[in-house]
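Residue numbers (my numbering): 879 to 1271.
One or more hints might be untrue.
To be verified - Simulated crosslink set (DSBU-like; lysine-lysine; CA at most 30 Å straight-line):
{"#": "1", "residue 1": "1137", "residue 2": "913"}
{"#": "2", "residue 1": "1194", "residue 2": "1007"}
{"#": "3", "residue 1": "1007", "residue 2": "911"}
{"#": "4", "residue 1": "913", "residue 2": "935"}
{"#": "5", "residue 1": "1137", "residue 2": "1194"}
{"#": "6", "residue 1": "1137", "residue 2": "935"}
{"#": "7", "residue 1": "1007", "residue 2": "1102"}
Hints in this document: simulated from the structure, not taken from any laboratory.
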Amino acid sequence: MSDNNGRFGSYGGRFVPETVMPALLELEDSYRKLKDDGEFQSEVAFYFREYAGRPTKLYYAANLTRHYGRGDIYLKREDLLHTGAHKINNALGQALLARRMGKQRIVAETGAGQHGVACATVAALFGLKCCVFMGAEDMERQALNVFRMRLLGTEVVPVTSGSGTLKDATSEAIRYWVTHIQDTHYIIGSVVGPHPYPMLVRDFQAVIGQEVERQIADAGANLKYVIACVGGGSNAMGIFYQFRDNRSVTKIGVEAAGKGLATGEHAASLTNGRPGVLHGSLSYLRQDNEGQVIPAYSISAGLDYPGVGPEHSYFKDTGRVIYTAVTDEQALAAFERLARLEGIIPALESSHALAYLEQLMPETTSGQAVVVCLSGRGDKDVQMVANVLGGLE
879 MSDNNGRFGS YGGRFVPETV MPALLELEDS YRKLKDDGEF QSEVAFYFRE YAGRPTKLYY
939 AANLTRHYGR GDIYLKREDL LHTGAHKINN ALGQALLARR MGKQRIVAET GAGQHGVACA
999 TVAALFGLKC CVFMGAEDME RQALNVFRMR LLGTEVVPVT SGSGTLKDAT SEAIRYWVTH
1059 IQDTHYIIGS VVGPHPYPML VRDFQAVIGQ EVERQIADAG ANLKYVIACV GGGSNAMGIF
1119 YQFRDNRSVT KIGVEAAGKG LATGEHAASL TNGRPGVLHG SLSYLRQDNE GQVIPAYSIS
1179 AGLDYPGVGP EHSYFKDTGR VIYTAVTDEQ ALAAFERLAR LEGIIPALES SHALAYLEQL
1239 MPETTSGQAV VVCLSGRGDK DVQMVANVLG GLE
């Protein structure tokens, strides 16, 4: 839990220009008033259930379980949600919050495009104008999602500065927000940014872990491990948070090791970074000896962010969660493995969590349950994977 200043231990906080402070204070005040408001919570629950498709299934992956021959593997199917990823949870919650605050315009950033599509979707649903900033390189990698956003009536703004990826898109979205702050709400897509964003994004995503706790009990399973991929860390925080103080459940966050940690071309902020300030909060991030942010790399557009949510940094230091990393090659193998064994094509982001099963499952025993958060579906990644692998036989 954060303190009143949005600190998770020494992490988090609000490192922003004075021009942004009034909007953050207004957002925090509005959210704290609505957080325990029964009418608002009923409204959120209605759209989660009737529009997004919650609760999502906790699917027993029998073929994958037989493949490893040890513990029982369950998949939390966030990929079955409307728009195809967990991002819709946060987008719906924040859009409903924005409506209560009287905002008429939404601005957002996106990497893989799933958060952008979720924002474009809720903007269409609630009649809000929407502008999404996206790195030029990511627009090329995720052309399908760019089309989806434009089809939904959203303006997609290409960002060519820096590396043309998520970090640069986030910076541009913040600049846009500062100049339109009176009538615009900024929907940050992950548990990053200045207070109160890490707290409120976590709260809207916490439904994932809450459902898992009920569903695993209904299945009569003995939950021992929960695994999720970590870029900014929203799906991971969503599933970990419910089990944060449960020491009998091992939580494992899997970052993108890209081409390998030793190459420097990766996005493993927690595994191979150190504390610093990025986009308004203190957290682990990739930086050089002078404190300059090092661009991140991952085959997954949704993971190549050089920082991570501050609560994850707190969880790392306190030992609540174990963080590790897998390479592009390992993630691609997991992508193909799930498709062939279960008939489910996962997002490349989720494939990182699935890849860690190779290391974990030999350590499990019969009767132990492992839950993997399938954060999104892989339709958006199929063309890129085909380009990399050169076709499958």
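> Honestly, which of those hints from before does the structure not fit?
Replying inline: Violated hints (numbers, rising): 1, 2, 6 and 7; every other hint is consistent with the structure.
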